[in-house]
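Novice: Spelled out from the first residue to the last, the chains are:
Number of protein chains: 2
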Amino acid sequence: MTSWEEYKAKAWERINRDKEIGYLDPDIYDILKAFFSRQKSYTQSSCSGRISIIDAKLPWERRDSTVVFKDHLKFSVEDLYDVLDKGIVRRLWLIVQGPIIHVYTKDMEEALNVLKLARDVGFKHSGILSFNDKGILVELRTGVKMVHLLKPNLPEEEAKHLVEVSLEILNKGKEKLNNLRNIVELSVANDSMKLGEDSKLDTKFHYRIS
Amino acid sequence: MTSWEEYKAKAWERINRDKEIGYLDPDIYDILKAFFSRQKSYTQSSCSGRISIIDAKLPWERRDSTVVFKDHLKFSVEDLYDVLDKGIVRRLWLIVQGPIIHVYTKDMEEALNVLKLARDVGFKHSGILSFNDKGILVELRTGVKMVHLLKPNLPEEEAKHLVEVSLEILNKGKEKLNNLRNIVELSVANDSMKLGEDSKLDTKFHYRIS
Numbered sequence: 001m002t003s004w005e006e007y008k009a010k011a012w013e014r015i016n017r018d019k020e021i022g023y024l025d026p027d028i029y030d031i032l033k034a035f036f037s038r039q040k041s042y043t044q045s046s047c048s049g050r051i052s053i054i055d056a057k058l059p060w061e062r063r064d065s066t067v068v069f070k071d072h073l074k075f076s077v078e079d080l081y082d083v084l085d086k087g088i089v090r091r092l093w094l095i096v097q098g099p100i101i102h103v104y105t106k107d108m109e110e111a112l113n114v115l116k117l118a119r120d121v122g123f124k125h126s127g128i129l130s131f132n133d134k135g136i137l138v139e140l141r142t143g144v145k146m147v148h149l150l151k152p153n154l155p156e157e158e159a160k161h162l163v164e165v166s167l168e169i170l171n172k173g174k175e176k177l178n179n180l181r182n183i184v185e186l187s188v189a190n191d192s193m194k195l196g197e198d199s200k201l202d203t204k205f206h207y208r209i210s
Numbered sequence: 001m002t003s004w005e006e007y008k009a010k011a012w013e014r015i016n017r018d019k020e021i022g023y024l025d026p027d028i029y030d031i032l033k034a035f036f037s038r039q040k041s042y043t044q045s046s047c048s049g050r051i052s053i054i055d056a057k058l059p060w061e062r063r064d065s066t067v068v069f070k071d072h073l074k075f076s077v078e079d080l081y082d083v084l085d086k087g088i089v090r091r092l093w094l095i096v097q098g099p100i101i102h103v104y105t106k107d108m109e110e111a112l113n114v115l116k117l118a119r120d121v122g123f124k125h126s127g128i129l130s131f132n133d134k135g136i137l138v139e140l141r142t143g144v145k146m147v148h149l150l151k152p153n154l155p156e157e158e159a160k161h162l163v164e165v166s167l168e169i170l171n172k173g174k175e176k177l178n179n180l181r182n183i184v185e186l187s188v189a190n191d192s193m194k195l196g197e198d199s200k201l202d203t204k205f206h207y208r209i210s
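These protein sequence lines are chains A and B, in that order. Each residue of the first sequence is one higher than the one before, counting from 1 in UniProt numbering. Each residue of the second sequence is one higher than the one before, counting from 1 in UniProt numbering.
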């Protein structure tokens, strides 16, 4: 049977492999690293927040839907018109999603600690999703979201405004992600100070924050 | 100290009081009743799903925002134009929200049972939010959501289409709520059968489903 520590080690290897091949969200590494530096936490399948355009009848559908645009950092009027020019099969949904972090914790105390940290910096839709061999799965989620029905013939003024508001919302999500990283890093620094320099916490997965 | 059973009794009284004064969502009573009929569950502050229009810079903000329209069952082109005619202070967001049910369970086994029931009928964003005197708080939530930025001068064709899509999404939420009610009622009926007619489950809060 795989131990919790082995799952954590494998998850860390995978993140670094994904990072190397460019598969990881471009701005998510530091927050993941911060969680790994907590002794009893590690992360899996997380998202730093993104703008996407989905061709689907209903915006939450995965079947019968196509992602026609996706970017974690930027979005322009040109991007928007590129998509619109390709035509619509079902409906086009412009979706801005805040960050979603999945944390596996070793025990319930750590799950509640992580939940508290996250809620304090605006991850208000966070909760415990399940319990399994990998640990207690905690989802950290903000209320940052836009799900806008795009119409085919979009005047330029409207396109500009939509892009502007989308980026504003994306950035609100990034701010919250940044605040989460800060507070998690701080929590690790505090634990280290409490436990002293030669603490056993300073293992392979305990990254010193300097 | 108030016992879990007393919290449940108080919650049930409150729901019936709210129902009488018209404060309860018009189509939520049956699903709440179904949860109360599970021996180890009760509900609090839930929503059957609704369409609202919010005047706010950002759609998730509670401060500096005004709810200018809210309905759990219907929405018309006239409703939409009524709102637009009143003018915009910040931005107008047309929000369609699926049902959100908050269940307090007596123990973790029940919390996981409720989560499983809910996930099986499409409440995929469900999780455990917290633990306190009232019980284990489980939030049951779907992915049903639209958060659309309204523009001030809306052509009638576009208004019609928006209302149509909003109602389609609202109804998808209601369908899921209905499926949740069915599966919870069924779970109670099954438990009753297993335990026999003279079961101790058949207490004040165990409503027979016929």
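A portion of the hints provided could be inaccurate.
Said to hold, decoys possible - Calculated pairs, DSS-like style, for lysine-lysine (alpha carbon to alpha carbon, straight line, at most 27 Å):
1) A/K124 x B/K174
2) A/K174 x B/K124
3) B/K174 x A/K70
4) A/K33 x A/K19
5) B/K172 x A/K116
6) A/K57 x B/K19
7) A/K106 x B/K124
I should point out that these hints are in silico values taken from the structure, not numbers from a laboratory.
Novice: Against this structure, judge whether each hint is valid.
Specialist: Hint by hint, here is what the structure shows:
no., hint, in the structure
1, A/K124 x B/K174, "holds, 24 Å"
2, A/K174 x B/K124, "holds, 24 Å"
3, B/K174 x A/K70, "violated, 30 Å"
4, A/K33 x A/K19, "holds, 12 Å"
5, B/K172 x A/K116, "violated, 33 Å"
6, A/K57 x B/K19, "violated, 35 Å"
7, A/K106 x B/K124, "holds, 23 Å"
In this structure, the hints that do not hold are numbers 3, 5, 6, in rising order.
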